[in-house]
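Q: Construct the complete structure from the given sequences, taking the supplied hints into account.
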Amino acid sequence: QVAIVSNKPDPTTKALAEKFFPGVPAFGQRDDLPAKPAPDLVLCALKELGCPRESAIYVGDSEVDIQTAQNCTMKYIGVSWGFRGREGLAEAGAEVIVDTAGELLEKLLQA
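Each residue of the sequence shown is one higher than the one before, counting from 148 in the working numbering.
Treat the hints as calculated values from the structure; they're not laboratory data.
None of the values given here were measured: they were computed from a predicted structure.
Any given hint could be a false lead.
The calculated label-pair distances, taken between Cβ atoms and stated as ranges, are [claimed, not checked]:
(1) 234 with 177: 31 to 41 Å
(2) 172 with 252: 15 to 25 Å
(3) 149 with 211: 13 to 23 Å
(4) 197 with 238: 11 to 21 Å
(5) 181 with 240: 18 to 28 Å
(6) 158 with 181: 17 to 27 Å
(7) 247 with 168: 30 to 40 Å
From the three backbone atoms N, C-alpha and C, an ideal C-beta is built for every residue, glycine too.
A: See below:
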């Protein structure tokens, strides 16, 4: 299973997800939940998906994502092609960083 969790407003997140990742569940910022790095929205997404937190892996591209994964007590994989890049992720404390989608798949299959 895969889902998108974003600090962008919920309608915007859902519209972008449908355009670029049709069929992937998307969860954007709502008034009833605090924004990331608070764990609430991620935990809400996991609950809706019926996915235990312990078996989930958070994939992200920023220090906010690292903090969110830590706040959710989830494993984290950083992707270097996003918002911060490899150096920024490493400086923020990411222990696992991948540079390609193939590497990401490999790490996910190993987890």
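Q: If a hint holds in the structure, say so; if it does not, say that too.
A: Against the structure, the hints come out as follows:
1. Range check, residue 234 to residue 177: Cβ separation about 33 Å, and the 31 to 41 Å hint holds.
2. A hinted range of 15 to 25 Å for the beta carbons of residue 172 and residue 252 is consistent with their spacing of about 20 Å.
3. At about 19 Å, the beta-carbon gap between residue 149 and residue 211 stays in the expected band of 13 to 23 Å.
4. The supplied range of 11 to 21 Å is broken by residue 197 and residue 238, whose beta-carbon atoms lie about 35 Å from each other.
5. A hinted range of 18 to 28 Å holds for the C-beta pair residue 181 and residue 240, which are about 21 Å apart.
6. One distance hint, 17 to 27 Å for the beta-carbon pair residue 158 and residue 181, holds here, with the actual separation near 18 Å.
7. Here the CB-CB span from residue 247 to residue 168 is close to 18 Å, at odds with the stated 30 to 40 Å.
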